[in-house]
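All chains, full assembly: derive it from the sequences and hints.
Each residue of the sequence shown is one higher than the last, beginning at 200 in my numbering.
It is worth saying that the hints were derived from the structure and are not from the lab.
Just so you know, not all the hints are guaranteed correct.
What the hints assert, rightly or not - Below, simulated DSBU-like cross-link-like pairs (lysine-lysine); rule was C-alpha separation at most 30 Å, straight line:
#1 K283 with K252
#2 K284 with K271
#3 K224 with K209
#4 K271 with K224
#5 K294 with K283
#6 K233 with K209
#7 K209 with K289
#8 K284 with K208
#9 K224 with K249
#10 K271 with K294
#11 K304 with K294
#12 K304 with K209
#13 K208 with K304
#14 K238 with K283
#15 K208 with K289
#16 K224 with K238
#17 K263 with K238
#18 K238 with K249
#19 K208 with K287
#20 K252 with K238
#21 K263 with K252
#22 K294 with K224
#23 K294 with K233
#24 K263 with K287
#25 K271 with K208
#26 K294 with K238
#27 K271 with K283
#28 K304 with K233
#29 K304 with K224
#30 K208 with K294
#31 K271 with K238
#32 K252 with K224
#33 K238 with K304
#34 K304 with K289
#35 K284 with K294
#36 K271 with K233
#37 K304 with K271
Only a predicted model underlies this, so the values are computations on that prediction, with no experimental measurement involved.
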Amino acid sequence: MRENWILTKKEIEFMGDWFDVLEGKMDRLQFFIKWSTRKEDSSFYEDYLKVEKGEMSFEEFRGKWSLKGDWKDRIRVMRHRIVKKRRKAKEIMEKIREEVALMDKFMSLEDWP
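Shown next, in the form of structure tokens:
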């Protein structure tokens, strides 16, 4: 039997981490460090720290991450996937309800084929 029918383990972990942020168990910064996009084997926050230490110039940092919010592409994708799956799951649940009602009606018959 499958453990998860709709969401992947990563999506469940993503939502669980966000619930932890809302409950105060995890800091927002920790969440964004964990879930931000990675480029060339480093995250937005790791590169930001390199700029502060002088290991990377601001122009290199800006060129890598741009001003469009590239650092949160992964977060945006995860949110979009969850929204899309939620919409689809509602449709599937309605179909399942219809099929269960049909099966119940069939099982309640006195005369079976």
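Here's how the hints hold up against the structure:
1. K283 with K252: violated, 41 Å
2. K284 with K271: Satisfied, since the Cα-Cα distance of roughly 20 Å is no more than 30 Å.
3. K224 with K209: holds, 19 Å
4. K271 with K224: holds, 21 Å
5. K294 with K283: holds, 17 Å
6. K233 with K209: It holds: about 12 Å lies between the C-alpha atoms, which stays within 30 Å.
7. K209 with K289: holds, 21 Å
8. K284 with K208: holds, 14 Å
9. K224 with K249: holds, 27 Å
10. K271 with K294: Not satisfied, since the Cα-Cα distance of roughly 35 Å exceeds 30 Å.
11. K304 with K294: Since the Cα atoms of K304 and K294 sit roughly 15 Å apart, the hinted pair holds (cutoff 30 Å).
12. K304 with K209: It is violated: about 39 Å lies between the C-alpha atoms, which goes past 30 Å.
13. K208 with K304: The hint is violated at about 36 Å.
14. K238 with K283: holds, 26 Å
15. K208 with K289: With a Cα-Cα distance of about 20 Å, the restraint between K208 and K289 holds, given a limit of 30 Å.
16. K224 with K238: Holds, because 28 Å separates the two Cα atoms, which is no more than 30 Å.
17. K263 with K238: holds, 8 Å
18. K238 with K249: holds, 14 Å
19. K208 with K287: holds, 18 Å
20. K252 with K238: holds, 19 Å
21. K263 with K252: holds, 17 Å
22. K294 with K224: Judged against 30 Å, a Cα distance of about 38 Å means the pair is violated.
23. K294 with K233: Violated, at about 37 Å.
24. K263 with K287: violated, 35 Å
25. K271 with K208: holds, 20 Å
26. K294 with K238: violated, 42 Å
27. K271 with K283: Cα-Cα ~18 Å, so holds.
28. K304 with K233: violated, 50 Å
29. K304 with K224: Violated, at about 48 Å.
30. K208 with K294: holds, 25 Å
31. K271 with K238: holds, 11 Å
32. K252 with K224: The given pair, whose Cα atoms are some 29 Å apart, holds under the 30 Å limit.
33. K238 with K304: violated, 56 Å
34. K304 with K289: holds, 23 Å
35. K284 with K294: holds, 15 Å
36. K271 with K233: holds, 11 Å
37. K304 with K271: Roughly 50 Å between the alpha carbons, so the hint for K304 and K271 is violated.
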